[in-house]
Each structure stands twice: as C-alpha cells, then as structure tokens.
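Participant: Okay, here's what each chain looks like letter by letter:
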Amino acid sequence: MKILIAEDDSLVLKTIELLLKKEGYEMICCSDGMDAMEKIQTQQPDLIIVDIMLPYFSGLEIVGKVKQNLNSVPIIVISAMGQQGVVDEAIKLGADDYISKPFNIKAVKSAIQRLALTAATA
Amino acid sequence: MFLSNNKVLLNTGFNKTFATFETPDYLYAAAILFFILTALVVIATYYTLQAKSKKHNFKTNIGQSLESWITEVIINDSSEDVTVPANFQSIFTKPEARQMLVDELVRNKSSFLGSVSDNIIKLYCQLDLNVDSVVKLNDHRPHVQCQGIHELCVMDQKDMLRKVYRHTNSKDNDVRIEAQTAIIQWHGFKGLRFLDVVSNPVTEFQQLKLLELLRQIPFMEMPKLNTWLQSKNDTVVNFALKLAQHYKQSHVQKEAEQCLLHKNDTIRLQAVKTLAVIGDLSTATLLTLAYPNEKFTNRLNILKELLTIATDEQRDFLVIQLHEGHECLKLASAKVLAKCTTEGMEVLEAKAYDELNPYQHIYLHVKSEAAR
Numbered sequence: 001m002k003i004l005i006a007e008d009d010s011l012v013l014k015t016i017e018l019l020l021k022k023e024g025y026e027m028i029c030c031s032d033g034m035d036a037m038e039k040i041q042t043q044q045p046d047l048i049i050v051d052i053m054l055p056y057f058s059g060l061e062i063v064g065k066v067k068q069n070l071n072s073v074p075i076i077v078i079s080a081m082g083q084q085g086v087v088d089e090a091i092k093l094g095a096d097d098y099i100s101k102p103f104n105i106k107a108v109k110s111a112i113q114r115l116a117l118t119a120a121t122a
Numbered sequence: 001m002f003l004s005n006n007k008v009l010l011n012t013g014f015n016k017t018f019a020t021f022e023t024p025d026y027l028y029a030a031a032i033l034f035f036i037l038t039a040l041v042v043i044a045t046y047y048t049l050q051a052k053s054k055k056h057n058f059k060t061n062i063g064q065s066l067e068s069w070i071t072e073v074i075i076n077d078s079s080e081d082v083t084v085p086a087n088f089q090s091i092f093t094k095p096e097a098r099q100m101l102v103d104e105l106v107r108n109k110s111s112f113l114g115s116v117s118d119n120i121i122k123l124y125c126q127l128d129l130n131v132d133s134v135v136k137l138n139d140h141r142p143h144v145q146c147q148g149i150h151e152l153c154v155m156d157q158k159d160m161l162r163k164v165y166r167h168t169n170s171k172d173n174d175v176r177i178e179a180q181t182a183i184i185q186w187h188g189f190k191g192l193r194f195l196d197v198v199s200n201p202v203t204e205f206q207q208l209k210l211l212e213l214l215r216q217i218p219f220m221e222m223p224k225l226n227t228w229l230q231s232k233n234d235t236v237v238n239f240a241l242k243l244a245q246h247y248k249q250s251h252v253q254k255e256a257e258q259c260l261l262h263k264n265d266t267i268r269l270q271a272v273k274t275l276a277v278i279g280d281l282s283t284a285t286l287l288t289l290a291y292p293n294e295k296f297t298n299r300l301n302i303l304k305e306l307l308t309i310a311t312d313e314q315r316d317f318l319v320i321q322l323h324e325g326h327e328c329l330k331l332a333s334a335k336v337l338a339k340c341t342t343e344g345m346e347v348l349e350a351k352a353y354d355e356l357n358p359y360q361h362i363y364l365h366v367k368s369e370a371a372r
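If you're matching them up, the sequences are chains P and D in order. Taken in order, the first sequence gives residues 1 to 122; the numbers are from my numbering. Taken in order, the second sequence gives residues 1 to 372; the numbers are from my numbering.
Next comes chain D alone, as it looks inside the complex (with noise of 0.2 Å):
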C-alpha cells in the first residue's frame, strides 16, 4: 500500500515538471541549444581535419625532396660543413619539419656504421637537433622526454651524459628504462653507477634488456658490486645477483650468502641460483640449511639447484626430504639423491620396495630419466 502510493507520487511529479518543460518557450531554446551544440561539433571536426590534412601534405611535399638532401649529404666523403638548401632554410625552423628531419636521421643511423654514420651525426650536430633534443629532456610530458634521450643516445651525443643521468633515476618508468639504456649504451658495464643511488625499482623487464645490452660489450670489472648486493633498493640486489651469476663474480660469494635471509622472496630465490654458479663446496650445505625457513616455490629452487652442486654430503638431507613435504619436493629430492649421492638409486629402488606409494612411481620416473 505504502509503495504504491509512493509510485503514484513519483509519477505525479515527474509527469508535473515534464509538463513544464513541455512549453513552446522550452523546446524553442532546446531546439537553439542543440543546433549551437552540433555546429560547435562540425566546427571541430572540420579544423581537426584540415590541420591534420595540412600536416600531411607538408609532410609529403617536404619528405621525398628531404629524404634525397639527407642521402646527399650523408654519403659525401668531404669534411665539410653542410650548407643547407634555401628552400629549406625556412623549413628547418617549423618544429615539425625538424622533428621530422630528426626521425629520418635516427631511423637511417640505426642501419648504418662506419662514414655514413659519422655523416649522420655531424648533420645532426650542425643544424643543432641535438639541441631541440635536449629540450625535450625538460618536457613535462614522459613520451616526450623519452624521445629526447632515445635521439640523443642513438646519435652517440655522449657530452650530454649528466642531463640524461639525472633521468635514471626518474619517477617515470619509460623515462628511467630510456636513460638507464642510453647510459649503458654510451658507458658499458661502467654506466652500472647509476645503481649506486637509484631509488625507484630497476624493473624485471628492465634488468632483462640490460643483461642483454651488457651481452654485446666487452666485460669490465664492477668493484661496486658488492655494494650493489648491500642496496636497499630491493630490486637492484636482484639485478646484482643476477649480474654476479651471469658474470661468475664469486668475489661477491659471502654479500650473495647474506642474501639467502633477505625478506624478499625475489632476492632469495635469486641468491640460491646466483650461489649454485658462483658458490664452492660449502654452498650446497648452505642452501640445505636455509631449506627449512623458504616457502614452497624456493624450496622447489634449492633443490633443483643442488642437482649440480650436491654431494655424498647432503645425502642424509635428502632422505628426510624424500619422506616431507609436497610430492613435488619428494621428487625433486629424489633425482639429486638418484644423480649426486653414491646408490641413490640403490636408496630409491628399497624405499619404492618399502612403500608402494609414492616412491614406486618416484622410482620409475627417476630411473627412466636417468636412462635417457
């Protein structure tokens, strides 16, 4: 009863204020109003459009007669200074034609070495991008300063090294990747320095496209390295731990050892297969001791690790794990007792005659990888 009335109320006063909408002098001002909006609209759209029709055609117009003036003057073998063509001399100031020009040299420095690229550089210089570049290291915008320090970096503007330093550091994460990269590129393993201070997190993708920079450069000490292992930057440890692994830096083995009771999971796990390459023969009991503290995915890691470091000594450790834990585990401790351990196999094969389940089918799984 109550509801109902309460519909009839609602409908009644809704019906009421339409009704007051309804009049000639409501519809009329709606009907401008609309109007207004839609030519507003039109208006937009068609100066949208024919800003970006302009742009296009300059583009075009400019860009075959450019790209013939850049291929010109990238091939001439004389040490000259480039004079630049009078009718591009009004061009070079509207920002997009330079913006333009500065596309074209980073695409074609990226495909060639040797003269052609020193030609591609010296232009650069001459007609000041690398300036234009700079400024786009102060833009508040990240895209824009990304752009800035990739331009900077593939025309090898390495006298520019501490207003892109500053950007490795920065909030940014494409910022920070692009000057972290640019960095590297210029400087190789000692460019690492800017792990000294950063404070923002060295990404996983990032520490991955680092390894892999580093992979192309001659190798060089890193005497920081250690302190890097000491960072309270967590992901830089990793990326320390990853680097020592990598580079078999056993110098750093008790800093790598400390890492094994970090609170990050990340860092613990890394230390175990950082330690398995850079260890010695204390390690194995090492890692058998810090085994009962780790949580199941690290466990997992010990002991597939100890697949190559494990010995007669770890042996009275691995029965027990045989009979604890997940299956998983009981497995994974049953082919290092199988490969590292005098008669492991022995151990294995009287265990599965003890207990039929699981171990016989730990038994036949271990034995038959062991035969391949």
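Same shape as in the complex, but just chain P (with noise of 0.2 Å):
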C-alpha cells in the first residue's frame, strides 16, 4: 500500500516515515502542499495522510481538491489540540478520518488499518 504523507515538520515527518516503514507501507514523503499536490497526481497514493497547516497549500485545500478530482482515495488529516472547528470542515470537505497532535503512534497505525479495510471491501 503506497501512503502519502504532507507534515511540514521533518522529524515528525521522518519518524512517521520510518514507523510505518517497518509496518511495510511504501511512503511518499513531502514537506509542503505544493509537493503534495504535484505527487498526488503523478504518484497516485492509496491513502493520503495530510497535516492542516502546510506551506502553499493547506490540508483543508489538499483534501478539497483531492476529493472533488479522486474521490475514492482515503485521506486523514493531522490537526493540532484544540482545532475541532478545522477538522469538522475538513470532515465535510470529504475526509475520512483525523489525527490529533500529540499523537500515539498506535492510533495512526489503527486509523490507516480501518480505512486500507474500507478501501479493500468497497
């Protein structure tokens, strides 16, 4: 399964990276919306996991595009403590889950497990 990844903090992006590595995810990492977007569209992700806050692009308009062009691709999205009013329009944008930072790295792994099933069965 081929995970992307936007987070503009590289060590959380790299510890991520490297944790769901060893879970055997195929990552794409990138550190801004416009990287993101650019990869979205040439690499074609199963699942996207996006952080709210992004240079260039925002997750909120990375998960607007994403849905209205390639609906079908699971997308979570990271928010900060305290951000509900972001994740509830993201939710309505079209995303199908969201993390809360901090986060255990035992809910991401659960949270990609559930969608990558949905995904499968639908």
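If you are wondering where the hints come from, they were derived from the structure by calculation, not from laboratory data. Treat the hints with care, since some could be wrong.
[Said to hold, decoys possible] When the alpha-carbon atoms are kept at most 27 Å apart in a straight line, the in silico DSSO-like pairs for lysine-lysine are as follows:
| no. | chain 1 | residue 1 | chain 2 | residue 2 |
| --- | --- | --- | --- | --- |
| 1 | D | K122 | P | K14 |
| 2 | P | K101 | D | K122 |
| 3 | P | K101 | D | K209 |
| 4 | P | K14 | D | K55 |
| 5 | D | K158 | P | K106 |
| 6 | D | K158 | P | K101 |
| 7 | P | K21 | D | K122 |
| 8 | P | K109 | D | K122 |
| 9 | D | K122 | P | K22 |
| 10 | D | K122 | P | K106 |
[To be verified] Computed far set for chain P versus chain D, every beta-carbon distance over 12 Å:
| no. | residue |
| --- | --- |
| 11 | Q41 |
| 12 | F57 |
| 13 | S58 |
| 14 | N69 |
| 15 | L93 |
| 16 | G94 |
[As the list claims (entries may be wrong)] Taking beta-carbon pairs under 10 Å as the criterion, some of the chain D residues facing chain P (in silico):
| no. | residue |
| --- | --- |
| 17 | E67 |
| 18 | I70 |
| 19 | T71 |
| 20 | E72 |
| 21 | I74 |
| 22 | R107 |
| 23 | N108 |
| 24 | S111 |
| 25 | F112 |
| 26 | L113 |
| 27 | V116 |
| 28 | S117 |
None of the values given here were measured: they were computed from a predicted structure. Note that the Cβ used here is the ideal one computed from N, Cα and C, for glycine as well.
Relying on the hints, combine the two individually framed chains into one complex.
Facilitator: Structure (structure tokens):
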C-alpha cells in the first residue's frame, strides 16, 4: 500500500515515515502543500495523511481538491489539539478520519488499517 | 544691542577654536583616527559574520544526520541504552550541538505520545541533557531560566520539582509564568499550592493561562481555596475567586462575600461574578447592599449579575435605581426589573407613560429585547 504523508515538521515526518515503513507500507513524503499536490497527481497514492497547517496549500485545500478529482482515495488529516472547527471543516470537505497532535503512533496505525480495510471492501 | 554683541562674541570664539583644529597636524591625526575606527568596524563585522556563518554551517552539516539518528533512536522498541555513534560523541561535547539536540527533542516530544514520547525522554536523560537544563535554571538571564524550565517541563522531569518550584515566586514575570505552568502541568490542581506563598503578582494573562491548563486536567478538591481568598497578594485573591467561580466551590461563599468589602476594585468586581455563581438566596440582597458603595463599573456589573439571581425581593431596590444615576444604570435596572420580578414590565410601562424621557426609550428597549 502506497501512503503519501504531507507534514512540514521534518522530524515528525521522518519519524512517521520510518514507523510506517517498518509496518511494510510504501511511503511518499512531502514537506509542503505544493509538493503534496504534485505527488498526488503523479504517484497516485492509496492513502493520504495530510497536516492541516502546510505551506503553499493548506491541508483543507488539499482535501478539497483531492476529493473533487480522486474521490475514492481515503484521507486522514492531522490537526493540533483544539482545532476541532478546522477538523469539522475537513470532514465536511470529505476527509475520512483525523488524528490530533500530539499523537500516539498506535492511533495512526489503527486509523490507516481501518481505512485500508474500508477501501479494500468498497 | 546686547544680543547682537553676544552673537559677535560667540562667532569670534567659534572661529578661533575652529581655526586651531584646521592646522595640518590636527587634520592628520583626525584622518588616522577615522581610518583606525573604520578598520576596527570592518574587522569586527568580518569576525561576527564569520562566527555566524560557522555556526550556521555547523548546524546545517550535523542537522540532517542528527535528525536521522534521533528518528532511529526514538522509534526503537528495544529497552537497551542508546549508543551514541562515534561521529557524534565529539560533537555532543559542544554546547551548541547539545542545545540543537535538546531543541529537536523538545519539538518532537510535543508531537508524540506513547512509546515514541517515552523514548524521547529516555534519550534526553541518557545523554544528560537534563543536567544542561538544570544548569540553565541558575543562569542570571531570565530567558535562559525560562528555557531550562520549559525543557524540564516538556520532558516530564518531575523529580526536578524542588528546583523549578522556587522559581514560581521569581521576580521575573516570564520565569514565574513558566515555572507555575510547569508545576501545574506536572501536578495538576495539587500544584496550585504555590498560591500559598507567592508574593509576586499572578498576572491576568497568567490567570487565564492557568485556568486553561487546569481545564484539561481532571478536577481535584482545593482545600486551601479559603486561605487563598484571604491572601495578602491581591492577584492570588482574584485568581482564587475565579477558581471558585469556574469550579462552583460554594463552600467558600463566606470568604467570597468578605471580598465584596475588599479595597481592591478588581477583587470586588470578580467577587460579584463569583457570588452570582456560588451564592445562595441571600446573595442578591447582599449585592444590593454593596451597590451604594460601589463605583460605576461595579454597579453595572452588579446589575448584570442580578439579571440571573434577582427575585421580587429586589423589586424596591430596582425601582429606586430606575430614578438614580447614569442612564446605563437605569437601563440595566429596568432589564432586571422586567426579567426577574413579577409585573416588572408593567411597572416600566407605567413609568414610560408618566415620564417620557428617558423611560419610554428604556421601556421600548427592554420590551424589544424581551420579544427576541
């Protein structure tokens, strides 16, 4: 399974990348919204994890654009604690799940597994 | 005449002095001095830029490899101690490299929970970075002290409680805020015990920050709340009143009532707000008794709070207020009268017929608000 993750904090990005690689996922990493949009189009990931606060394109813009063009790709948004309003907006735009920072890596893994299962059965 | 003579004298003096400095010897010396000063500025600029560029290069060079190493360490599941790679061992003796490592760990610690977070703390302690943070607590510069407290707080170094605790009453505002925040994050409501002794102000900003922090923590009884309400530090009394209001601590009603007589305006203002939440049936009467001694702002505040607790017992008081003071107070009294007393609206209507100005406006205003 190919997972694209867009996160501007390089250490967080690297940590999640390594943890998910260990689980056997193929990872595509982006540190800003523009890079993420390009890689979504060219590499067509099976699942997208996107931080809400990103340079150039925000997480919300990415969710909106992806759901307009590739509706079937599941998206998980990463939000900081207390950003419930933004998370609600992301869900309205079509995001399938969300993870709040600070996050437990187990929660990330279970969210991915849940969405992967849903995508497989759909 | 006198003035013009003086001007001539001054001009002559200036010209004479200037003529002395116009001699070739002086000009030569001035040129050399100017040259030396320029050279010194150029040299100082060069060395400063050199040092900055060296620091930047150092950070860029080790940044990438340091980040990769940290990532590998913190996702490691094994419980064994971390081995520092040979190339980092010499680097980690440099204070700037150690600070870089601390910064990276602190930043990452705030993003993760669970095993990753535990590993970050483990690495922080194993490399004795906690010792570096403790050293910062004794630095004479407040911003360095703040940094040390913040690092210990994020890294959950609860055994440093004593060292951090003494900063909760620091003379520096920022250090005090950082230390009080750390204590609350570690010990929740129990950590509020610094209020027993704090003699420096707990600022309004800090009060808001602490309340927000406490909101995220499970509530625990505050047995010292009544003592804090009698503190000599006015900001502690104010904060204690806010705590009593937010957590509906009606057992301190008597102490809160005493605060209605406090000499500090802010405390009396907050006491009214608190009593409106934790008070009983007698509170409304108590507020009406305090009303005549209050200033405009707190009078308005009392009327605003009466809106939720007044009954027919306050009817006479409210009718009197309709005739006295500023028009804002009259309007506020009219609102309470209409909302909390039986036939209050009728009283206002009758008043509006008797005396057109300002009572008709007040009546129409209250009526339209009631209709909403």
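Participant: Given the hinted pair K21/P and K122/D, is their alpha-carbon gap at most 27 Å?
Facilitator: holds, 23 Å
Participant: Identify whether the interface hint at F112/D stands, where standing means a beta carbon of chain P within less than 10 Å of its own.
Facilitator: holds, 6 Å
Participant: Against chain P, run the beta carbon of T71/D and see if the smallest gap drops under 10 Å.
Facilitator: Since the shortest Cβ distance to chain P is 4 Å, the answer is holds.
Participant: Assess, step by step, whether the Cα of K158/D is no farther than 27 Å from the Cα of K106/P, and give holds or violated.
Facilitator: holds, 26 Å
Participant: How about I74/D: closest beta carbon in chain P under 10 Å, or not?
Facilitator: Status holds, d = 6 Å.
Participant: Would you check whether S117/D satisfies its interface hint, that is, whether its CB is within less than 10 Å of any CB in chain P?
Facilitator: Interface hint status for S117/D: holds (7 Å vs cutoff 10 Å).
Participant: Determine whether the non-interface label on S58/P survives the test: each CB of chain D must be over 12 Å from its CB.
Facilitator: holds, 18 Å
Participant: With the threshold set at 27 Å, check whether the alpha-carbon distance from K14/P to K55/D stays at or below it.
Facilitator: holds, 24 Å
Participant: Is it true that the CA of K101/P sits at most 27 Å from the CA of K122/D?
Facilitator: holds, 21 Å
Participant: Given L113/D as an interface hint, is its Cβ closer than 10 Å to any Cβ of chain P?
Facilitator: holds, 4 Å
Participant: Decide, holds or violated, for the assertion that all CB atoms of chain D are farther than 12 Å from the CB of G94/P.
Facilitator: holds, 25 Å
Participant: Going straight from one Cα to the other, do K122/D and K22/P come out at no more than 27 Å?
Facilitator: OK: K122/D and K22/P at ~21 Å, within 27 Å.
Hint check: no violations occur; every hint is consistent with the structure.
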